[in-house]
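Number of protein chains: 2
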Amino acid sequence: MKDTQVNISSEFSIIKKYLSGIGASYLKINGIDLSIGDDCAVLATKSKLLISTDTSVAGVHFLKSMPAESIAYRSVATALSDIAAMGGNPVAFNLSLVMPSFESSWMAGFRKGLQKISREFHFPLIGGDLVKGPLQISVTVLGKPEKNILLRSNANPGDILCLSDPLGSGFIGFKEYKRIGVLNKTTKPYLFPAAQISYGKIISRFASSAIDISDGIIQDLSHLVTRSGVGCNLDLDKVPLVNQKYAKQCLEFGDDYQLLYTVPQKKLSSLQARLNSFNKKCHTIGIMGGKKLVINSKIESIKNWDHFQ
Amino acid sequence: MKDTQVNISSEFSIIKKYLSGIGASYLKINGIDLSIGDDCAVLATKSKLLISTDTSVAGVHFLKSMPAESIAYRSVATALSDIAAMGGNPVAFNLSLVMPSFESSWMAGFRKGLQKISREFHFPLIGGDLVKGPLQISVTVLGKPEKNILLRSNANPGDILCLSDPLGSGFIGFKEYKRIGVLNKTTKPYLFPAAQISYGKIISRFASSAIDISDGIIQDLSHLVTRSGVGCNLDLDKVPLVNQKYAKQCLEFGDDYQLLYTVPQKKLSSLQARLNSFNKKCHTIGIMGGKKLVINSKIESIKNWDHFQ
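Heads up: the sequence lines are chains A and B, in that order.
So the first sequence is numbered by full-length UniProt numbering: it starts at 1 and just counts up by one.
So the second sequence is numbered by full-length UniProt numbering: it starts at 1 and just counts up by one.
A couple of the hints might just be wrong.
The list cannot tell twin chains apart, which means a pair is met if one copy fits it or any two copies do.
Below, computed lysine-lysine pairings styled on DSS-like, alpha-carbon distance capped at 30 Å [stated by the list, open to error]:
#  : residue 1 : residue 2
1  : 16        : 248
2  : 48        : 17
3  : 132       : 248
4  : 291       : 17
5  : 291       : 16
6  : 147       : 46
7  : 132       : 116
8  : 28        : 16
9  : 144       : 248
10 : 144       : 201
11 : 185       : 112
12 : 112       : 147
13 : 175       : 46
14 : 175       : 292
15 : 292       : 16
Note that these hints are calculated values from the structure, not bench results.
This one's a predicted model, so the numbers in the text were calculated from it and none came from an experiment.
So here's chain A without its partners, still in its complex pose (with noise of 0.2 Å):
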């Protein structure tokens, strides 16, 4: 890490008392020879490698409100989404921290964020810097493909579409934690989202394509109807929600990451098996076809949404 403009000694002490050390006992095995300390971290990797870099502002994709140590998680963990996406394995990442002031308790809780998404995903903080002005994190993932790495490009006719989990637990977890202000088990999906990297492995031998949902299950799956370059149908009403009184947020306001992916029908059985051995589902919500995103719901005002056709 590198300090940037303001009083040498205390930007020091900060990254060495708060931003050191986290996930150290993942550098060798990841195939990290240098972390932080230098003017770039090094990598000696063999294997091919994910990248993707998520900046998160603070009164745009967080609450300033927002306990540190999930504003932290939350940063990290919405970068390593793209990861899950493509069906890899976390190797390190890379953390910008843009802050107006210092102070020790919000570091403190900034730094136990860091450490419990460093520790779940097995992956270290191996850089970044520290630096003043409006409070945002730019988070940067590296990782590491399985032998099928999940594009969102190569979806083909006939691919049944599928859901990872019910949407909706993003929307619900912010609504609550506007109205109590505390982490309870309806907040925690949004102030600690899950990455779904090891469903995104799982799938990365059955599925055509993949991406995953941050801005609404329809925004992103016109990513993949665009990219692949074959449309869709759509059962919006088969989409599981967490909540259907409010449908339409479930399904608009993202923050969710779960993974929406296409299979050919041929491998589909076979995927469900293997995700059931995990104890995990399979929804499957739509097929690929035609030219354009045909979004059949029984929904009014999701009918009229007619953006992308």
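The hints should help you fit chain B onto chain A, whose structure is shown.
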């Protein structure tokens, strides 16, 4: 690249029009299997990889009033400078652009700056994201090391402390730009700082350690001293400056991105010969040894810097 939050179509059109296809001709030769457009980029690298992240914040690292072309170029150059300090070769970069609003002319300039540095160093933009928020740019650069990787930690007692070029062009350029607000010979080094990639590659065969000077020579030298666990006698008055009248500022301001490095005495003459053959110089400004950083200088204000002693 992936849009976030804001109006889909506009975000997509911005990414497509202004942030795609930058350095596309370098994708294949640099081992990039997949670039912008999916959840991750995919690198097929057989060598070790260098990685570094640098974030530039409006009002902290650059002036909002600066040309967007310069803001883009500078943001990438400062990150690229970390690759130079390791003696590496640019491979690719990710860019996260956070901006409060969209202006086509500004974005056109920003794209121009990205294309400029991408062309100069033959490396492509392979991913990142575009989000709404206070203007700042986070860049993650990937590099391929030469046979020897230059670390901050390998300086030995007796090694000669060297500098690539005179300091102060950043400060003088900044001062002049604030005064006249145009691009000229004086402001160029600030608006478009040069990452010392070729210089770093040349010295990588001779130097024992290196660091780029982004935060002022004393501060960056202190990193090298600390990491190497060896003191240094710095002849501050031997440090070549762009402008003696502003000696202190030239030494403290940073933003020069020159390389500060150590060379074993027996290798110095062959390094100098090698550099001369490329019309480059090596300024010897001190010697490593002892336990602390000792600054020898006639300038009173500088002699009194004692926060590393």
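Going down the list of hints, with the structure as the test:
Taking identical chains as interchangeable, the C-alpha atoms of residue 16 and residue 248 lie at most 30 Å apart only when they sit on different chains, with a minimum of 28 Å there against 45 Å within one chain. For the homomeric pair residue 48 and residue 17, the shortest alpha-carbon distance between copies (29 Å) is at most 30 Å, but the shortest distance inside one copy (33 Å) is not. Within a single copy, residue 132 and residue 248 get their C-alpha atoms only as close as 38 Å, which misses the 30 Å cut-off; across copies the closest is 24 Å, which meets it. For the identical chains of this complex, residue 291 and residue 17 are inter-copy neighbours only, at 24 Å across copies versus 55 Å inside a copy, given an alpha-carbon limit of 30 Å.
In this homomeric assembly, residue 291 and residue 16 come within 30 Å of each other (Cα to Cα) only across copies, at 21 Å, whereas the closest approach inside a single copy is 54 Å. Taking the closest pair of Cα atoms, residue 147 and residue 46 come within 30 Å of each other both inside a single copy (14 Å) and across two copies (17 Å). For the homomeric pair residue 132 and residue 116, the shortest alpha-carbon distances inside one copy (25 Å) and between copies (28 Å) are both at most 30 Å. Proximity of residue 28 and residue 16 under a CA criterion of 30 Å is satisfied intra-copy only: 20 Å inside one chain copy versus 39 Å between copies.
Taking the shortest alpha-carbon separations for residue 144 and residue 248, neither the intra-copy value of 35 Å nor the inter-copy value of 47 Å comes in at or below 30 Å. With identical chains, the CA atoms of residue 144 and residue 201 are at most 30 Å apart both within one copy (11 Å) and between copies (28 Å). Taking the shortest Cα distances, residue 185 and residue 112 sit within 30 Å of each other inside one copy (19 Å), while across copies they are farther apart (48 Å). Neither within a single protomer nor between protomers do residue 112 and residue 147 lie at most 30 Å apart by alpha-carbon distance, with minima of 33 Å and 38 Å respectively.
In this homomeric assembly, residue 175 and residue 46 never come within 30 Å of each other (Cα to Cα): the closest approach is 44 Å inside a single copy and 47 Å across copies. When the C-alpha separation of residue 175 and residue 292 is checked against a cutoff of 30 Å, the pair qualifies neither within a copy, at 33 Å, nor between copies, at 56 Å. For the identical chains of this complex, residue 292 and residue 16 are inter-copy neighbours only, at 20 Å across copies versus 52 Å inside a copy, given an alpha-carbon limit of 30 Å.
Hint compliance for this structure: hints 9, 12, 13, 14 are broken, all remaining hints hold.
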